[in-house]
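Undergrad: Read off the chains here:
Number of protein chains: 2
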Amino acid sequence: MNEFSIIDRYFNWHQSSVVVGIGDDCAVIDNDPDKQTVTSVDTLIGGVHFTSDTSPADIAYKSLAVNLSDIAAMGATPSHFTLAITLPHFDESWVSEFSQGLKEAARKYSVSLVGGDTTRGPLSITINVFGVINKGDSILRSGAMKGDLIFVSKTLGDAAYAWSQIQSNEKPSISLTESLNRPEPRIALGQRLVGIANSCIDISDGLEQDLSHILQSSKVGAIIDINKLPLSEPVRDYISNTGDWCVALAGGDDYELCFSVNKANKDKIRSIERELNIPLTEIGRVTTGGGLIVNGFSGECKSYSHF
Amino acid sequence: MNEFSIIDRYFNWHQSSVVVGIGDDCAVIDNDPDKQTVTSVDTLIGGVHFTSDTSPADIAYKSLAVNLSDIAAMGATPSHFTLAITLPHFDESWVSEFSQGLKEAARKYSVSLVGGDTTRGPLSITINVFGVINKGDSILRSGAMKGDLIFVSKTLGDAAYAWSQIQSNEKPSISLTESLNRPEPRIALGQRLVGIANSCIDISDGLEQDLSHILQSSKVGAIIDINKLPLSEPVRDYISNTGDWCVALAGGDDYELCFSVNKANKDKIRSIERELNIPLTEIGRVTTGGGLIVNGFSGECKSYSHF
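Going down the list, the protein sequences come from chains A and B.
Mapping the first sequence onto my numbering, position 62 (from 1) lands on 62, and the numbers just tick up by one.
Mapping the second sequence onto my numbering, position 187 (from 1) lands on 187, and the numbers just tick up by one.
Heads up, some of the hints might be wrong.
Where chains are identical, the list cannot tell them apart; a pair therefore holds if satisfied intra-copy or between any two copies.
[Said to hold, decoys possible] When the alpha-carbon atoms are kept at most 30 Å apart in a straight line, the in silico DSBU-like pairs for lysine-lysine are as follows:
#1 Lys135 x Lys35
#2 Lys103 x Lys35
#3 Lys35 x Lys171
#4 Lys108 x Lys171
#5 Lys108 x Lys35
#6 Lys266 x Lys228
#7 Lys103 x Lys219
#8 Lys108 x Lys154
Read the hints as simulated data drawn from the structure, not as lab findings.
Using the sequences provided together with the hints, build the complete structure.
TA: Pasting the structure below:
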């Protein structure tokens, strides 16, 4: 049983003020005549989400960034967050560096730390982040329509390739390490996609798995073209040498946005791309059903599963 | 360095929309012309906050209840919560029982689960709970005034005595076990204290420590009388036999409310007591300074410290 079936089977009950509950990037809550609160929570654990070499500042930065990425995928504006941190023991220099990394990310993305809890135990960090959005503006996973064009931002596989290099005792390049440790939540992009994209998700568990969440929620299928996936130089070289497309197709931790738009909005996407200076690549289109077809790829990737 | 100094030194920076930040039971956030959002987060860890014998349903129930208790201490109305759960492995019957206990507490206190994250690792549960309150109505730790009477709800030391019995391989009574595993957040009491109490806190780390938080925040002192502490029969017997007042004075996990009120409001407290059918006991009064003096007690208790 994977994470998604656990949540769906055991924790999917909610009440009427909750507009969107479990099963999207964020929950959406009505608490104002005009605006909605969006909220998302993520836990990062030592040895699972970061290595023992990762600096405390990077751990903090990433913990906040991956949560902000969920807010970005809704098109919302992040406002504040809470932190629950579990530490095996109190190490002042560790905590000091951690707080610096957290503050750096919080300032960069204009969010305030409003509450927290510290406990003693195996290292883990849980951040719950909040944002606001005008009523009804959230970009959901469930809005993809047949014929929509599918886009992804920037490049895919950088974080997964860096992680695999570290596992093999190789040293990733500075830019790959940056992708792994300091992912950039696409907040401005998400906000610009409100009213333009029909569906959106952030790629945390890999394109194949995350795009499939859109397809399931929207009850549609999709065809994407493996040769259209946007790749950085090092990932392109790695795939040329090994044929291992899975790094881009199923590698997690990229935190780029994957979204679908009506063909009529293609020009708008091009102008957002220029305005924000983030490459937005068309990788396929939404179909009526039959799951996700990846043209040009016949293998099978092991998707990241939480259990 | 204890939990409170860690938070104060490293994580106490926030922005202007945050009315009350780190350092009260909840953070208070302005996001509406009339109402404020209050939020609190707590992590419970296996072996620290519950024993390996604790049932999954009780773990879930308590995890939510202790968070709701923070909302109660502000006088707010809880509305929804998120859950981040880390499990060593997926055990369907465990998760099923856990979800039942969570649902039971959520229904009892009318709060919705709106989002969550599941990860693999050492067992821990982080709940972030939200509530609403009319602007400016929150009962803060910082409002105690010289001459205020100090009250606590129900009885003190039940959970700590049950825990100490379990540690000595004794079996606590059913009512003590209930106090430990299914604490009752004093939501109705907190709401009724709005406009009446000058300060309030929930007793999670023990009366001595938690009342001291009020005194520090309010820059006042207090004198309480050890013989006035409200005790259940088993705790009274235990103290008679052992002289160990610390179970009531410093024992954590009770989640009763400790609050201060102007003398003029004493009658109002008596009518709330009758209305809610919860004993509210006057244990002392607020003084100008000099910390907390406990009349009739000359020993020293080891307060719970997170590190």
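Undergrad: It remains to establish, for every hint, whether it holds in the given structure.
TA: Taking the hints in turn, this is what the structure says about them:
no. : hint            : result
1   : Lys135 x Lys35  : both (5 Å within a copy, 17 Å between copies)
2   : Lys103 x Lys35  : both (27 Å within a copy, 28 Å between copies)
3   : Lys35 x Lys171  : neither (46 Å within a copy, 52 Å between copies)
4   : Lys108 x Lys171 : within (27 Å within a copy, 53 Å between copies)
5   : Lys108 x Lys35  : both (24 Å within a copy, 28 Å between copies)
6   : Lys266 x Lys228 : within (16 Å within a copy, 74 Å between copies)
7   : Lys103 x Lys219 : between (40 Å within a copy, 29 Å between copies)
8   : Lys108 x Lys154 : within (20 Å within a copy, 47 Å between copies)
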